[in-house]
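Got two chains here, each in a separate frame; can you build the complex from them with the hints?
Top to bottom, those sequences are chains A and B.
The first sequence begins at 47 in my numbering and counts up by one.
The second sequence begins at 16 in my numbering and counts up by one.
Rather than coming from a laboratory, the hints here were simulated on the basis of the structure.
None of these values were measured; they are calculated from a predicted model.
Each residue gets a CB set at the ideal place from its N, CA and C atoms; glycine is no exception.
Be a bit skeptical, because a hint or two may be false.
[Unchecked claim] Some, not all, of what chain A presents toward chain B, calculated at C-beta under 10 Å:
id, residue
1, Ala102
2, Pro103
3, Met116
4, Pro123
5, Pro135
6, Asp138
7, Gln139
8, Ser187
9, Gly188
10, Leu301
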Amino acid sequence: MPRMTMIEAIRDAMDVMMARDQRVVVFGEDVGYFGGVFRCTAGLQQKYGKTRCFDAPINEAGIVGAAIGMASYGLHPCIEIQFADYMYPAYDQIVSEAARLRYRSNGEFTCPLVIRMPTGGGIFGGQTHSQSPEALFTHVSGLKTVVPSNPYDAKGLLIAAIEDPDPVIFLEPKRLYNGPFDGHHDRPITPWSKNDLGEVPSGHFTLPLGKASIVREGAAVTVLAYGTMVYVAQAAAAETGVDAEIIDLRTLLPLDMETITASIKKTGRCVIVHEATLTSGFGAELAALVQEACFFQLEAPIARVTGWDTPYPHAQEWDYFPGPARVGRALVETMEA
Amino acid sequence: MTTYAPLTLHVPEPAVRPGGTPDFSNVKIPKAGAVPRPDIDVDPESIRDLAFSIIRVLNRNGEAAGPWAGLLTDEELVEGMRHMMTLRTFDARMLIAQRQGKTSFYMQHLGEEAISCAFRKALSPGDMNFPTYRQAGLLIADGYSMVDMMCQVYSNSRDPLKGRQLPVMYSSKEHGFFTISGNLATQYVQAVGWAMASAICNDTKVAAAWIGDGSTAESDFHAALVFASTYKAPVILNIVNNQWAISTFQGIARGGSGTFAARGLGFGIPSLRVDGNDYLAVYAVAKWAIERARLNLGPTLVEYVTYRVGAHSTSDDPSAYRPKTESDAWPLGDPIIRLKNHLIMRGAWSDERHKQAEAEILDTVIAAQKEAESYGTLHAGGKPSARDMFDGVYAEMPPHLRRQRQQAGV
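Just chain B, same shape as in the assembly (with noise of 0.2 Å):
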């Protein structure tokens, strides 16, 4: 008779913990330029190992290199550089505003400004996204009005939706960008379901699921590559894998798959993996899983490859879970200086201009700053009715809603 040792759990650790050295080395970084980029109509079985390799095309010199390069002109280089520079400084701005009280809650992007920006920019209209607290880039990069972000923020009296969600969870149908829940991995299986309502009636929109790592984990992740898988859905599923899921890191959702993109794999979706921090690669990933989706080739799923260098949010303090200088460790860099030396060395930009647009963009959020606060902030001025409260529970208030109205008061 065989007899067996007794049996142990295995609870998956981080390679560092606060105190050690950061260590990124199990992340295996191929060179710019060296994944192949496969033609639009390729058979995913043939392309499997995408889900295990980083697809990028700025080297360590700022150079643009390989067959993912080469889809930007400098202008549109300059306005993404733009989109993520004001991106930061209107996390930085929100972030001093919530310590000074002035709202409740933020959540910041900071190193992983890229993705949600030109993303939105290998988008067209119409197309639409169904984010994560984590993708306000794709407002800034559309355009969205600066003053109706913080007017939100703050909860005041010009916030659009009237003071109902919590702070950063926008929604702006116009630009294409679904209501955000809050609640984990609900939103990636509507964008299949949204993809698959513009295939039935014969549209030529797209949509776009956006996760984080951790929650992959949840069954609504499964449900929507099962949907995508089936129904060869129009839609890009998008994975942001910045490391960390508040202080649990990536492993623990990932169990032993060797990557998130691996996931796709046993659906047969075309998965991808991108270096998140370098903003052509994004866009050029980007822009191939879109016309796939629009030539109703189906679903491709994409994990980008970055690192959460803030904290989850203003209710989180990551120096109690991960060395402090992690973050100066990760070997992606930071989006926006790599962006800035592949511009210089394009000749298009430099540390002047550089300056300069961080003094004018620094202005800029500021006076929408101030525009914003003068219609009030979350305890003080301007604020949202009470009676705004019952509204827009249905189309038409039924009688019990009304009934409590009147009791309240307002």
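Here chain A stands alone, though its shape is the one from the complex (with noise of 0.2 Å):
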């Protein structure tokens, strides 16, 4: 089997169903001629032709509004925002008329339509570069959103969410795109070609959307994570032999709760980890939705570790990113509670 990059893989997913699928057509700002400022359209405007594949003027609203009135007619668009951060004049195209489309019209009008937007920090972005904005997208009625943490699951869920009838945030973590990283940014990371979840199959497959992933099984405590902290989970598991159970959510909204409820259930104790700013985060969803379920099987309060409310900071990138070391204390502070 192969191996990729996740960029490789994402990009991989596009040229799969841009072959399969006439309407598929992929655009943003430089994803045209040049291939996106992270390559993960590289190549495709040449195989596809220009009409299929092309450079969008620097102005996000204009692209997802575009994009609304292509799924409205009948393409599929995969478009790119080039940071999630840049999103926002985007927003109102999102919210009120691509998550609505299908409820307003009573299904006349709907929007099969994928938003991929790199997402997160630790890549020295700063506050503009590095925001996890899936919060926003989550609390909206008519959107999916998917954070995957890996090669694999990338071009899986990609081709499933360019093939679903709704409109689909698709998150990247960029700082995954080259290889796991599990927040030792001292350390250099393993690529993506020297490790297994770096292996994509060729050609179709999808993955469905709304269904996690165990990625270590565990017996102590319920890590809920998604994106790079998958890895910074497990690095905390290892460094402190917590006997931890580490479900990637993947898909946070349609949510697997019965992934979720089974594993707590199990542990009787729940640790949430998400790089977002703590104050109504998804982990503050996760929370409510663990307690309702599983109320009585709780040992230990539900822990939350994410960022800070405070904006993504420059310098202090590492004093704000949620690392081995603040996850791996609240792993152990959940154990002796």
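Set out below in structure tokens:
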């Protein structure tokens, strides 16, 4: 099986879908001739022509708005917002339009649209290239929100997202593009070419949206994580020796409550980890759902380890980032509680 | 050293406020027939002056004059007349229904009927409008069922949109009428995207974007113009300048620009201004712009100069911000009276036939209303089920919504 980086896997998913389905078009800032600032669309314009993969003006509302029009016509656009941090001008289009076409027209007009955006920090991107705005999407009725954590998942989930009849927000943790990152920023990363999760089947395959994956089985405590934090949680478990069961949510909405509930009923403890800010973050929703479903099985308070409620700082990146030391502390404290 | 006087902020004001004498001397109105009709493949640079004039066909005597005249037969004009009269009657009945508490909200077209009614007749089946809330003439003129429209306004058991949308936010794919958002300007750029898709698929369909004067200030308007210009999308970018954005006069959105049409010039988009109360002029300009789009010559921007005679909506009282008699002073007249006079002059119409048509149309609208009300009104009779509320958020209902529907007990 070929090994790919996450960038190559994402590109391969679009390549497979553009070859299979004439309705799939790809556009965004710098994605055409150049192939995207992260190279996710490199070669697609040469292969499929410039009416299927093209550069867009620097206008996120325009990119998403035009894509909504295309989707309502019958195309399946898979567009790129260069950084999730640049999404805000398009938020009205996403919330008031893409998410609601089906509902408000009683199914006459629909919006099969994928909006890809690199998310998260760890690259010294400062406050405008590091944010994790997933909770701004999970709060919106009519959207699905996906966060893959490895090349295999990224390809299978992106193909599923492109084939989905509704709008999907596809957040790509940019710190994982070239290899898994466990938060130990002073150590070199192992590239995906040396990791089994870099093995990606060629051709068409899908992973269902709404299905989590258990990446480490354990009996002591359940860790709910997604994106980069999946690897941070694994490092924390290894370093503390806590027998954690780590769940990679993969899709935040729809959420795989079955897997979550089964695990917490087994372990009786829950630690939630995300890079986004704490207050009203997706962790708050997870904590609420977990206590509703598992209150009588819980043996300790649910813990959250997240970014601080500040803008994402530049020089203080590693003080902000919820690394393995902070996650490890939460694991130990939850076990002692 | 130069010393400067303190800076001062300029806040534009309309010419007149309540209590004053209406004054439209700032609206420069060329003679009907005076503005030339360029070739369809004209270089946009050579017609920049059309963004500052007003294309008019019907003159004050009811005659059709100049190069934009002569496109419609007597029968077509009579049909257009009936569409406008139907829309006006429909509005009048629904306004009363709102006051009777049969619905929560309504928005009328009074004075602007020619724009959407004539534009629809210039389109072909399959073309798509991205309308605002004041283009229901697109539906009336395409033969959409008035009963369905009223059922939507009443949010009753036969509401095609299952009670999910505010009254008048219609949707009909079959009639080329995109689901109305209610958020302003968002759909302008969607129309451009729809048109781009038609071009990507080598289709022959075109799109029409709609916006009001006030909403041209939104960023999405400018996004639409960038995309339309860059990709030469087959789209008609319509601006209905009815002088008022709720209580805000058009000068607040227009700023230092001479006209709204002039917004298109910086993008290299041919930009025309047209008398929005002149059915023949609206049709002729729409036809020209639609033909350009279909010939792959790219977008056209059209500003319809008109006047919002009624309130913005049933929640608005214009006497608080403009003179009550301002609409009487509006120099472009009433679209129905102007077409009526023209048809009489052509020998295709008479006062008697007009009265008879008014009575027939009123009967038809009342019959539709009776039928619609038999399916319920907002607070009485049949209405969409609470279960309908949970459907259609996604193609397939996700588990969390299924749980919530269970909790709601529906």
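Can you list which hints this structure breaks, lowest number first?
Going through the list in order, the structure violates no hint and respects every one.
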